[in-house]
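Visitor: Just so you know, the sequences run in chain order B and P. 109 is the number that the numbering used here gives to position 109 of the first sequence; each next residue is one higher, with no gaps. 454 is the number that the numbering used here gives to position 135 of the second sequence; each next residue is one higher, with no gaps.
I should point out that these hints are in silico values taken from the structure, not numbers from a laboratory. You can take every hint at face value.
Output of the computed footprint for chain B on chain P, the stretches with three or more beta carbons under 8 Å from beta carbons of chain B:
| hint | stretch |
| --- | --- |
| 1 | 501-507 |
| 2 | 550-561 |
Straight-line C-alpha distance at most 27 Å; calculated DSSO-like pairs for lysine-lysine:
| hint | chain 1 | residue 1 | chain 2 | residue 2 |
| --- | --- | --- | --- | --- |
| 3 | P | K391 | P | K427 |
| 4 | P | K350 | P | K423 |
| 5 | P | K427 | B | K309 |
| 6 | B | K39 | B | K26 |
| 7 | P | K406 | B | K309 |
| 8 | B | K9 | B | K39 |
| 9 | P | K591 | P | K351 |
| 10 | P | K436 | P | K591 |
| 11 | B | K126 | P | K560 |
Just so it is clear, the structure is predicted and the values come from calculations on it, not from any experiment. Each residue gets a CB set at the ideal place from its N, CA and C atoms; glycine is no exception.
The primary structure of each chain is shown beneath.
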Amino acid sequence: MQNYLEFEKPIAALEGQIRELRSVGKETGGVDIIEEIHKLEGKVSQQIEKLYGNLDAWQKTQVARHPMRPHCSDYIKALVDDFVPLSGDRLFSEDHAIIAGLGRWQGQRVAILGHEKGADTQARVKHNFGMARPEGYRKAIRVMDMAERFNLPVVTLVDTAGAYPGIGAEERGQSEAIARCTDKCLQIGVPFVSVIIGEGGSGGALALATASRIVMLEHSIYTVASPEACASILWRSSSEADQAAAALKVTAQDLSQLGVIDRILREPLGGAHRDRERMMADVGMAVSEELAQMASLSRRDLIDQRRQKFLDMGRTGIV
Amino acid sequence: MNWIKNFVRPRFPSVFNDRDETPDNLWDNCKKCGEMIFHRDLIAMQQVCPGCDHHMRIGAAERFKALFDGGKFERIDVPDVPHDPLKFKDQKKYADRLKDARTKTGEKDAVQVGLGKIGGRNSVIAVQEFQFMGGSLGMAAGEAVVTAGQTALAHDAPLIMVAAAGGARMQEGILSLMQMPRTTVIVQQLRERGLPYIVVLTDPTTGGVTASYGMLGDIHIAEPNALIGFAGPRVIQDTIKEQLPEGFQRAEYLLEHGMIDMVVHRHKLHEKLAQLLDLLMGGKTHETLPAE
Numbered sequence: 001m002q003n004y005l006e007f008e009k010p011i012a013a014l015e016g017q018i019r020e021l022r023s024v025g026k027e028t029g030g031v032d033i034i035e036e037i038h039k040l041e042g043k044v045s046q047q048i049e050k051l052y053g054n055l056d057a058w059q060k061t062q063v064a065r066h067p068m069r070p071h072c073s074d075y076i077k078a079l080v081d082d083f084v085p086l087s088g089d090r091l092f093s094e095d096h097a098i099i100a101g102l103g104r105w106q107g108q109r110v111a112i113l114g115h116e117k118g119a120d121t122q123a124r125v126k127h128n129f130g131m132a133r134p135e136g137y138r139k140a141i142r143v144m145d146m147a148e149r150f151n152l153p154v155v156t157l158v159d160t161a162g163a164y165p166g167i168g169a170e171e172r173g174q175s176e177a178i179a180r181c182t183d184k185c186l187q188i189g190v191p192f193v194s195v196i197i198g199e200g201g202s203g204g205a206l207a208l209a210t211a212s213r214i215v216m217l218e219h220s221i222y223t224v225a226s227p228e229a230c231a232s233i234l235w236r237s238s239s240e241a242d243q244a245a246a247a248l249k250v251t252a253q254d255l256s257q258l259g260v261i262d263r264i265l266r267e268p269l270g271g272a273h274r275d276r277e278r279m280m281a282d283v284g285m286a287v288s289e290e291l292a293q294m295a296s297l298s299r300r301d302l303i304d305q306r307r308q309k310f311l312d313m314g315r316t317g318i319v
Numbered sequence: 320m321n322w323i324k325n326f327v328r329p330r331f332p333s334v335f336n337d338r339d340e341t342p343d344n345l346w347d348n349c350k351k352c353g354e355m356i357f358h359r360d361l362i363a364m365q366q367v368c369p370g371c372d373h374h375m376r377i378g379a380a381e382r383f384k385a386l387f388d389g390g391k392f393e394r395i396d397v398p399d400v401p402h403d404p405l406k407f408k409d410q411k412k413y414a415d416r417l418k419d420a421r422t423k424t425g426e427k428d429a430v431q432v433g434l435g436k437i438g439g440r441n442s443v444i445a446v447q448e449f450q451f452m453g454g455s456l457g458m459a460a461g462e463a464v465v466t467a468g469q470t471a472l473a474h475d476a477p478l479i480m481v482a483a484a485g486g487a488r489m490q491e492g493i494l495s496l497m498q499m500p501r502t503t504v505i506v507q508q509l510r511e512r513g514l515p516y517i518v519v520l521t522d523p524t525t526g527g528v529t530a531s532y533g534m535l536g537d538i539h540i541a542e543p544n545a546l547i548g549f550a551g552p553r554v555i556q557d558t559i560k561e562q563l564p565e566g567f568q569r570a571e572y573l574l575e576h577g578m579i580d581m582v583v584h585r586h587k588l589h590e591k592l593a594q595l596l597d598l599l600m601g602g603k604t605h606e607t608l609p610a611e
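In isolation and in its complexed conformation, chain B is listed as follows:
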């Protein structure tokens, strides 16, 4: 069944009416009912257009976290042929919060890394809601190292609330793992594209998103702290999350203006979850385009340009 977000209530009401009319129509089959359904469907599109054309930062946060939004594993299934998942950091354990593997992205051999939140309760628990422990980042380091040695471009799909805050994670060096992973991102001499497909939460996202090219989906977010965490610290109440989201400037549009991301990818009308197939196809194309643009660069240029990009960030273009 369709999941409606709080601000989608007007859409939910109209679509509810349509469903009712359909079930009545099945029994009676009246022409006027079919016309009425058409009219309502027109209204639904209008309503979606109106709402989604003007989403505020907090609404986008909700869309970015929508449970039906395509997740990392969906993109891999749809876009990557010959996918071979790789497991383990060789040091402690396997972390299902980060998926890693090799495959062919629209024909091109690549290494893929991404946070997986999971689509149902069982999967969410298995993947720890996409919140990685040090092992996840150390696995990513291992795979990036290998990608560099075999000259494979790296594609990362970012979707996490953040790195997991737990006792074990701290004992095993969560901060060291994130620092080393970001460090590795800035050291590999291969084309590297990152797509923020949903939620880019703080250091846990950054560790996979320090890429040559950073693409954000239209309604995804990328932030230093979750709006809830920011609100509870600065407003002393997590119920001010909507204000915090606006103040933090978390949307793709904001980040593009701040020069932090390179490209915004439009989402289907009403968000990625309303037309998953199209969204995934568009991501497939966009990543291939970005990789193609880097194909002729040397290893040294790839590393130097990536480092320079981050070194320059925030130095220019902001008043």
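With chain B fixed as given, assemble chain P onto it according to the hints.
Guide: Okay, now just chain P, sitting in the frame of chain B:
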């Protein structure tokens, strides 16, 4: 007490720090054991409680004096960065918070950079001040770390990073997060030039600072009992709803778990740094310290 004589006596008292001019008759008390200590004595003790050895927070100027040979150093200017790029406002304007912090500390932002000698060797020290908005890493602090690294590269000198921060400066949003890769780039440049990068973790160092330059050192030193971690203890407790183990995220705990090389008392820090730099870099012999 040889160390006081060697490193602490303020030989150039008036140059840098207005805060040193607090009247002599002021008392401080140790937050841990409650002992009352003369303010001036506390400065001589580098803010370490003479009663219980508790390491209190220490300002950048005092830190520089304690770590550079003979307390002699030169401040390195950090280029200006855009202030308040997001025009951030929570219950208070970020611009006002910044102004308050500047008035309170007399510093431009949270990280200060100094150039001097350690064991006779040109060295750069960057000090993060918790007193300045929780030491938080924003564009200015990031720029200071980058400047410190560039200064080290220019002088073929090692970089000592004395870290302390709650984490990223939220009021600068994503631009504060981006200081993590920015500072990482400068650490990489030092690494590639074969210059030592030593991190001194002080109380507290958490969040984006540990998850970037704070954990990328060739050598990690921590001050006794310093809180060091990624997530703060309260966040972890709220997530897992369990009691945290004794000494969790303290320097000694990190030492046991392999995240740092050593825990060093503040009074021994200069000596230890000089020794490490000598062992790592060799070559140059010690020049004599300026005569008393």
